[in-house]
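Its first residue numbered 1, the sequence shown is counted upward by one per residue in my numbering.
Some hints could be false.
[Stated by the list, open to error] Between beta-carbon pairs, the in silico distance windows are: (1) Val100 with Glu133: 28 to 34 Å; (2) Asp82 with Ala147: 33 to 39 Å; (3) Val83 with Leu179: 37 to 43 Å; (4) Glu109 with Ser70: 33 to 39 Å.
It should be emphasised that the hints constitute simulated quantities derived from the structure, not laboratory data.
Virtual Cβ for every residue (Gly too), placed ideally from N, Cα, C.
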Amino acid sequence: MKRFHILLTIPALLLVAACGGDHEASTTASPSPSGVTSLTATASPSPSGVTSLTATASAQPSGTPIDLGSVCTDNPDPATDDVNQVDIPNAGDEVASGFVVQGRILAFESTFRITIFDAASNVVVDETAMSSEGQTLAPFKKAVEFAVTQEMPACLWVYESSARDGNPIHVRQIPLVLLP
(Lines of atoms letter the chains of each structure in order from A; the text may use other names.)
(Lines give C-alpha, C1' and ligand atoms only; values in the text may rest on other atoms or scores of the structure.)
Protein backbone atom coordinates (compact mmCIF):
# COMPACT_ATOMS: atom_id res chain seq x y z
CA MET A 1 0.00 0.00 0.00
CA LYS A 2 2.83 2.38 0.81
CA ARG A 3 4.42 1.73 -2.59
CA PHE A 4 1.09 2.78 -4.10
CA HIS A 5 1.35 6.10 -2.24
CA ILE A 6 4.86 6.58 -3.63
CA LEU A 7 3.56 6.00 -7.14
CA LEU A 8 0.89 8.66 -6.55
CA THR A 9 3.42 11.09 -5.10
CA ILE A 10 5.79 11.01 -8.10
CA PRO A 11 3.24 12.43 -10.64
CA ALA A 12 2.35 15.15 -8.13
CA LEU A 13 6.03 16.06 -7.85
CA LEU A 14 6.29 16.15 -11.63
CA LEU A 15 3.41 18.61 -11.76
CA VAL A 16 4.97 20.81 -9.08
CA ALA A 17 8.30 20.73 -10.88
CA ALA A 18 6.70 21.59 -14.22
CA CYS A 19 4.84 24.56 -12.72
CA GLY A 20 7.73 25.74 -10.57
CA GLY A 21 9.38 28.00 -13.16
CA ASP A 22 13.14 28.46 -12.98
CA HIS A 23 13.45 27.69 -9.29
CA GLU A 24 15.19 24.61 -8.02
CA ALA A 25 13.02 22.36 -5.87
CA SER A 26 13.85 19.44 -3.67
CA THR A 27 11.55 17.08 -1.79
CA THR A 28 12.62 14.44 0.66
CA ALA A 29 10.45 12.07 2.65
CA SER A 30 12.10 10.09 5.40
CA PRO A 31 11.07 6.62 6.50
CA SER A 32 7.89 6.22 8.50
CA PRO A 33 8.14 4.96 12.08
CA SER A 34 7.94 1.43 10.71
CA GLY A 35 10.90 2.19 8.41
CA VAL A 36 8.99 1.36 5.26
CA THR A 37 9.51 4.10 2.67
CA SER A 38 12.08 6.64 1.60
CA LEU A 39 11.33 9.12 -1.23
CA THR A 40 13.68 11.74 -2.62
CA ALA A 41 12.77 14.05 -5.48
CA THR A 42 14.82 16.87 -6.98
CA ALA A 43 13.65 19.30 -9.64
CA SER A 44 16.07 21.60 -11.44
CA PRO A 45 15.83 23.70 -14.58
CA SER A 46 17.99 22.77 -17.55
CA PRO A 47 19.78 25.35 -19.73
CA SER A 48 16.80 25.22 -22.13
CA GLY A 49 14.43 26.27 -19.33
CA VAL A 50 12.76 22.87 -19.13
CA THR A 51 12.48 21.57 -15.61
CA SER A 52 13.55 18.01 -14.99
CA LEU A 53 12.62 15.85 -12.04
CA THR A 54 14.58 13.00 -10.58
CA ALA A 55 12.77 10.79 -8.09
CA THR A 56 13.96 7.75 -6.28
CA ALA A 57 12.00 5.52 -3.94
CA SER A 58 13.26 2.65 -1.91
CA ALA A 59 11.61 0.28 0.48
CA GLN A 60 13.13 -0.59 3.79
CA PRO A 61 11.28 -3.77 4.72
CA SER A 62 10.61 -4.54 8.34
CA GLY A 63 11.32 -8.22 7.59
CA THR A 64 11.56 -10.56 4.67
CA PRO A 65 9.16 -9.49 1.91
CA ILE A 66 6.29 -11.91 1.39
CA ASP A 67 5.36 -12.81 -2.18
CA LEU A 68 1.61 -13.37 -2.46
CA GLY A 69 1.65 -13.70 -6.24
CA SER A 70 1.88 -17.48 -6.32
CA VAL A 71 0.46 -18.52 -2.94
CA CYS A 72 -2.97 -19.36 -4.39
CA THR A 73 -2.64 -22.41 -6.64
CA ASP A 74 -4.80 -23.15 -9.66
CA ASN A 75 -8.44 -22.71 -8.73
CA PRO A 76 -10.34 -25.99 -9.33
CA ASP A 77 -13.70 -24.23 -9.84
CA PRO A 78 -13.59 -20.41 -9.72
CA ALA A 79 -16.64 -18.82 -8.11
CA THR A 80 -18.78 -16.25 -9.85
CA ASP A 81 -20.30 -13.30 -7.99
CA ASP A 82 -23.79 -14.77 -8.27
CA VAL A 83 -22.83 -17.69 -5.97
CA ASN A 84 -19.90 -16.54 -3.79
CA GLN A 85 -18.80 -13.06 -2.71
CA VAL A 86 -16.20 -12.35 -0.03
CA ASP A 87 -16.10 -8.76 1.24
CA ILE A 88 -13.63 -9.23 4.10
CA PRO A 89 -10.69 -9.87 4.05
CA ASN A 90 -9.26 -8.34 0.90
CA ALA A 91 -6.41 -9.76 -1.16
CA GLY A 92 -3.09 -8.96 0.47
CA ASP A 93 -4.50 -8.25 3.93
CA GLU A 94 -2.42 -9.14 6.96
CA VAL A 95 -4.59 -11.10 9.39
CA ALA A 96 -4.16 -12.42 12.90
CA SER A 97 -5.96 -15.38 14.45
CA GLY A 98 -9.62 -14.60 15.03
CA PHE A 99 -9.97 -12.50 11.86
CA VAL A 100 -13.42 -12.27 10.27
CA VAL A 101 -14.41 -13.70 6.91
CA GLN A 102 -17.56 -11.99 5.69
CA GLY A 103 -19.60 -11.95 2.51
CA ARG A 104 -22.52 -13.66 0.76
CA ILE A 105 -22.82 -17.20 -0.54
CA LEU A 106 -25.42 -19.38 -2.23
CA ALA A 107 -24.85 -22.69 -0.48
CA PHE A 108 -26.91 -25.84 -0.29
CA GLU A 109 -28.44 -26.05 3.20
CA SER A 110 -26.46 -22.89 4.12
CA THR A 111 -23.28 -24.93 4.66
CA PHE A 112 -19.88 -24.17 3.13
CA ARG A 113 -16.16 -24.45 3.91
CA ILE A 114 -13.44 -22.00 4.85
CA THR A 115 -9.92 -23.38 4.40
CA ILE A 116 -6.54 -21.68 4.64
CA PHE A 117 -3.56 -23.20 2.82
CA ASP A 118 0.07 -22.22 3.34
CA ALA A 119 2.47 -21.64 0.42
CA ALA A 120 3.24 -25.39 0.26
CA SER A 121 -0.52 -26.18 -0.02
CA ASN A 122 -0.66 -27.57 3.52
CA VAL A 123 -3.92 -26.96 5.39
CA VAL A 124 -3.52 -24.36 8.15
CA VAL A 125 -7.21 -24.40 9.12
CA ASP A 126 -10.34 -26.05 7.70
CA GLU A 127 -13.73 -25.06 9.09
CA THR A 128 -17.39 -25.52 8.28
CA ALA A 129 -19.37 -22.29 8.15
CA MET A 130 -23.00 -21.37 7.59
CA SER A 131 -24.77 -18.55 5.83
CA SER A 132 -27.99 -17.05 7.17
CA GLU A 133 -30.12 -18.87 4.57
CA GLY A 134 -29.74 -21.72 2.09
CA GLN A 135 -30.40 -21.90 -1.66
CA THR A 136 -30.12 -18.11 -2.02
CA LEU A 137 -27.26 -15.60 -1.97
CA ALA A 138 -27.23 -15.00 1.78
CA PRO A 139 -24.87 -13.18 4.16
CA PHE A 140 -22.32 -14.94 6.33
CA LYS A 141 -19.79 -13.87 8.93
CA LYS A 142 -17.27 -16.23 10.53
CA ALA A 143 -14.32 -15.66 12.86
CA VAL A 144 -11.40 -17.89 11.84
CA GLU A 145 -8.81 -19.04 14.38
CA PHE A 146 -5.37 -20.36 13.39
CA ALA A 147 -1.92 -20.80 14.89
CA VAL A 148 1.33 -19.92 13.12
CA THR A 149 4.75 -19.18 14.61
CA GLN A 150 5.86 -16.65 12.01
CA GLU A 151 4.46 -14.28 9.40
CA MET A 152 3.63 -16.32 6.32
CA PRO A 153 1.79 -16.14 2.98
CA ALA A 154 -1.42 -18.12 2.74
CA CYS A 155 -4.45 -18.64 0.52
CA LEU A 156 -7.96 -18.40 1.93
CA TRP A 157 -10.59 -20.53 0.17
CA VAL A 158 -14.32 -19.97 0.65
CA TYR A 159 -16.22 -22.73 -1.17
CA GLU A 160 -18.78 -25.50 -1.14
CA SER A 161 -18.07 -29.21 -1.19
CA SER A 162 -19.79 -30.96 -4.09
CA ALA A 163 -22.68 -33.20 -2.99
CA ARG A 164 -21.72 -35.56 -5.82
CA ASP A 165 -18.05 -36.22 -4.98
CA GLY A 166 -16.96 -33.86 -2.17
CA ASN A 167 -14.65 -31.83 -4.44
CA PRO A 168 -14.45 -28.06 -3.92
CA ILE A 169 -16.88 -26.06 -6.07
CA HIS A 170 -17.52 -22.31 -6.42
CA VAL A 171 -14.11 -21.54 -4.94
CA ARG A 172 -13.21 -17.95 -4.02
CA GLN A 173 -9.45 -17.62 -3.38
CA ILE A 174 -7.89 -14.72 -1.48
CA PRO A 175 -4.13 -14.39 -0.88
CA LEU A 176 -3.32 -13.25 2.68
CA VAL A 177 -0.46 -12.80 5.09
CA LEU A 178 -0.96 -14.72 8.35
CA LEU A 179 0.46 -13.06 11.45
CA PRO A 180 1.62 -14.99 14.53
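Here is what the structure says about each hint:
no., hint, verdict
1, Val100 with Glu133: 28 to 34 Å, "violated, 19 Å"
2, Asp82 with Ala147: 33 to 39 Å, "holds, 35 Å"
3, Val83 with Leu179: 37 to 43 Å, "violated, 30 Å"
4, Glu109 with Ser70: 33 to 39 Å, "holds, 34 Å"
Hint check: violations occur at hints 1 and 3; the rest are consistent with the structure.
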